[in-house]
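Q: Protein chains in written order, with the numbering used here: chain A, 1 to 555; chain B, 1 to 114.
These are calculated hints, taken from the structure and not from any lab test. Errors might be hidden in some of the hints.
[Claimed, not checked] Short, incomplete list of chain A residues facing chain B, as computed with Cβ under 7 Å:
# : residue
1 : L32
2 : E35
3 : R174
4 : G176
5 : A186
[Claimed, not checked] Computed Cβ-Cβ distance ranges for the label pairs, DEER-style:
# : chain 1 : residue 1 : chain 2 : residue 2 : range
6 : B       : Q27       : A       : R375      : 34 to 42 Å
7 : B       : Y68       : A       : R454      : 34 to 42 Å
8 : A       : A215      : B       : Y68       : 20 to 28 Å
[Stated by the list, open to error] Only some residues are given here: those of chain B computed to face chain A with a beta carbon under 7 Å:
#  : residue
9  : F26
10 : L41
11 : F85
12 : T87
13 : L92
14 : L96
15 : A97
16 : A98
Glycine included, every Cβ here is placed at the ideal spot set by N, Cα and C.
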Amino acid sequence: MNPVEALAGATTPHHLILAPILVPLIAAAAMLFYEDRQRGAKLAISLVAAVTVLIASVVLMLDAKGEGPSGGTEVGLYLLGDWPTPFGINLVLDRLSALMLFLSALLSVPALVYASAMWQGRGQHFHSLFMFLMMGVNGAVLTGDLFNLFVFFEIMLAASYGLALHGSGPERVRAGMHYIAINLLASLFFLIGVAMIYGVAGTLNMAELARQLPALDEAQTPLVHAALAILAVVFLVKAGMWPMCFWLPSTYQAAAAPASAMFAILTKVGVYVLLRLTFLAFAPGEGVSITFAAQVLVAGGIATMLFGSAGILGAQNMSRMAGHAVLISSGTMLTVIGLGLQGGGSAMLSGALFYMVGSTLALSALFLLVELAERGRGAIASMLALSADLYGAPDEEMETPPPVPGLLVPAGMTLLALCYALLVLVLAGLPPLPGFLGKVMMLSGLLEDATTGRPQVWVFMAVLIGSGFATLVALMRVGVQTFWTSVDEQPPAVMVTEIAPVIVLIAVIVGMTWQARPIMRYLEATATALHRPSVYVNGVLEADRTVDRRQEAGE
Amino acid sequence: MELILSLAIGVLVGSGMWLVLRPRSFQVITGLCLLSYGVNLFIFSMGGLRVGAAPILTRGAEVDPAAYADPIPQALVLTAIVISFATTALFLVVLLAARGFSGTDHVDGKERKR
Numbered sequence: 001m002n003p004v005e006a007l008a009g010a011t012t013p014h015h016l017i018l019a020p021i022l023v024p025l026i027a028a029a030a031m032l033f034y035e036d037r038q039r040g041a042k043l044a045i046s047l048v049a050a051v052t053v054l055i056a057s058v059v060l061m062l063d064a065k066g067e068g069p070s071g072g073t074e075v076g077l078y079l080l081g082d083w084p085t086p087f088g089i090n091l092v093l094d095r096l097s098a099l100m101l102f103l104s105a106l107l108s109v110p111a112l113v114y115a116s117a118m119w120q121g122r123g124q125h126f127h128s129l130f131m132f133l134m135m136g137v138n139g140a141v142l143t144g145d146l147f148n149l150f151v152f153f154e155i156m157l158a159a160s161y162g163l164a165l166h167g168s169g170p171e172r173v174r175a176g177m178h179y180i181a182i183n184l185l186a187s188l189f190f191l192i193g194v195a196m197i198y199g200v201a202g203t204l205n206m207a208e209l210a211r212q213l214p215a216l217d218e219a220q221t222p223l224v225h226a227a228l229a230i231l232a233v234v235f236l237v238k239a240g241m242w243p244m245c246f247w248l249p250s251t252y253q254a255a256a257a258p259a260s261a262m263f264a265i266l267t268k269v270g271v272y273v274l275l276r277l278t279f280l281a282f283a284p285g286e287g288v289s290i291t292f293a294a295q296v297l298v299a300g301g302i303a304t305m306l307f308g309s310a311g312i313l314g315a316q317n318m319s320r321m322a323g324h325a326v327l328i329s330s331g332t333m334l335t336v337i338g339l340g341l342q343g344g345g346s347a348m349l350s351g352a353l354f355y356m357v358g359s360t361l362a363l364s365a366l367f368l369l370v371e372l373a374e375r376g377r378g379a380i381a382s383m384l385a386l387s388a389d390l391y392g393a394p395d396e397e398m399e400t401p402p403p404v405p406g407l408l409v410p411a412g413m414t415l416l417a418l419c420y421a422l423l424v425l426v427l428a429g430l431p432p433l434p435g436f437l438g439k440v441m442m443l444s445g446l447l448e449d450a451t452t453g454r455p456q457v458w459v460f461m462a463v464l465i466g467s468g469f470a471t472l473v474a475l476m477r478v479g480v481q482t483f484w485t486s487v488d489e490q491p492p493a494v495m496v497t498e499i500a501p502v503i504v505l506i507a508v509i510v511g512m513t514w515q516a517r518p519i520m521r522y523l524e525a526t527a528t529a530l531h532r533p534s535v536y537v538n539g540v541l542e543a544d545r546t547v548d549r550r551q552e553a554g555e
Numbered sequence: 001m002e003l004i005l006s007l008a009i010g011v012l013v014g015s016g017m018w019l020v021l022r023p024r025s026f027q028v029i030t031g032l033c034l035l036s037y038g039v040n041l042f043i044f045s046m047g048g049l050r051v052g053a054a055p056i057l058t059r060g061a062e063v064d065p066a067a068y069a070d071p072i073p074q075a076l077v078l079t080a081i082v083i084s085f086a087t088t089a090l091f092l093v094v095l096l097a098a099r100g101f102s103g104t105d106h107v108d109g110k111e112r113k114r
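Using the sequences and the hints given, assemble the complete structure.
A: Okay, structure coming up:
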């Protein structure tokens, strides 16, 4: 066979899968050559890159959406360097990773536009770090190899360290120091877990590992499970499960608004890896370890939700509340993963995925909005918001004549208050926005399932509703104090480029409600594919090796 | 050799962990360095220990894999060293900044009253 025929006969590799990793990498590297004062050029480059990734992720999602449990050709596979599957590093695109790609790209564009107003000038290399963060997130959700996952995690984390410190200042540096120390320790755990898995199973490929697990002899199984447990600790730190989450609210509170808006996806990357690994490793076999893992996830997730609810009620300012709302959201997802491992059906899981997308978007918008709302108020005013309530603030407002309501309310503040109210609806899970839809689908899925009747399901339901209530109370309280202040106070100066990203994110959330049916169909198929790991495993292991193998066979 | 390596890993990780739990930022960073050395040795040991065996197979010739060392842990260790080196340097910069802001090397930025 001549080479041309062989080329024509071979399936062409799907190069677009590389785009979400390569485009931010190239953009970030290119921006290092610009002087820091050329912010306009840097902004243009990173916006172009972010929009390109967004478009690519939409195309990839449409690819992943085809027939079959995980998309058109089962899964999209990209072999780096065309090494055969169990040996080389590969990138895997299925519905879940396409969803995560789309979500991260969707968050990045508004955050960049927001940063263009002010934050990009507060420190060096904001745009490069931002692009490296995107590259790390996208790589982590695409890779099919454990050690490669570690590398992308480190890229993501190193960039997030820089972004968390962006703007500097004592508070930020102190919170950032704790954040870095904890994540460096977690990374070492990651290496230990990966090394143990390699030592026992002799492979780092996730699909190959999942295939080998049932065949391992009894002496080796506990070792692999111990290694998976060590790995899980790492991802649980990232996702902020309860005993390991104390760094999260302070870091997110201290970070610059566009940085924390992007950080909203970081906990979800931890959730994503847990979803992927637990369902790959545990779905085929029943045993002691799966019960243990599921129970740890359920208990830890519920504890996280309780801790987040207590934290959000006790927090004294909006940004700290937003940090605790992140905990509630990821705690919910962790519990759902645990229940899913115990036999929860795909209805519950798809509801949870819907909730995850909605709450991540809302959290990102909330971080942006909080900074705007808190801008006009001094740091002391926001610190005292709660104590003024408790101890009775001096009534200075009574001296001034009461203003005519309605006319004097500044337009900017009204807009902020309206956006804030919508976000509260999403986060508290009130109708008609996605927070409500997601929670209802989760609950109805749980009621229909085989798991119904177990005490932990009831506890989860109670905590889920309770945490929504806590969120509502806390956010409304601080919202009233912020937005219903006297008109004498100077309203915060808000630029159009700052409020527009928030409005766009809210529009996307509203769009999710409007298009809930097709989105749910996509997510249901995602959940079904997660429950059937053979889709992923076969998709990776039996995929064609594009060109070379056929050439070798022909020669 | 197994005994020496295990002892080395144990001592490195043990002392590293102890140092990480100390309240001074310099001790924390030293502890993280020691921990990462211990972890790197651990990765290295996971390929199986061999003395005097080359890690790379010769091209073309029929080879007996038993005569060679596993090259993958070595590649993993190299990557891990580079990454932990970079992140430690970053952490060091943050520690210096924290020291500059707070005037103390306590990890919480506040010196405890004696």
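Q: Hints first: check each against the structure and report whether it holds.
A: Against the structure, the hints:
no. : hint                        : result
1   : L32                         : 15 Å, violated
2   : E35                         : 21 Å, violated
3   : R174                        : 5 Å, holds
4   : G176                        : 6 Å, holds
5   : A186                        : 11 Å, violated
6   : B:Q27 to A:R375: 34 to 42 Å : 39 Å, holds
7   : B:Y68 to A:R454: 34 to 42 Å : 52 Å, violated
8   : A:A215 to B:Y68: 20 to 28 Å : 25 Å, holds
9   : F26                         : 12 Å, violated
10  : L41                         : 10 Å, violated
11  : F85                         : 11 Å, violated
12  : T87                         : 6 Å, holds
13  : L92                         : 10 Å, violated
14  : L96                         : 10 Å, violated
15  : A97                         : 5 Å, holds
16  : A98                         : 5 Å, holds
Comparing the model with each numbered hint stated earlier shows that hints 1, 2, 5, 7, 9, 10, 11, 13 and 14 do not hold.
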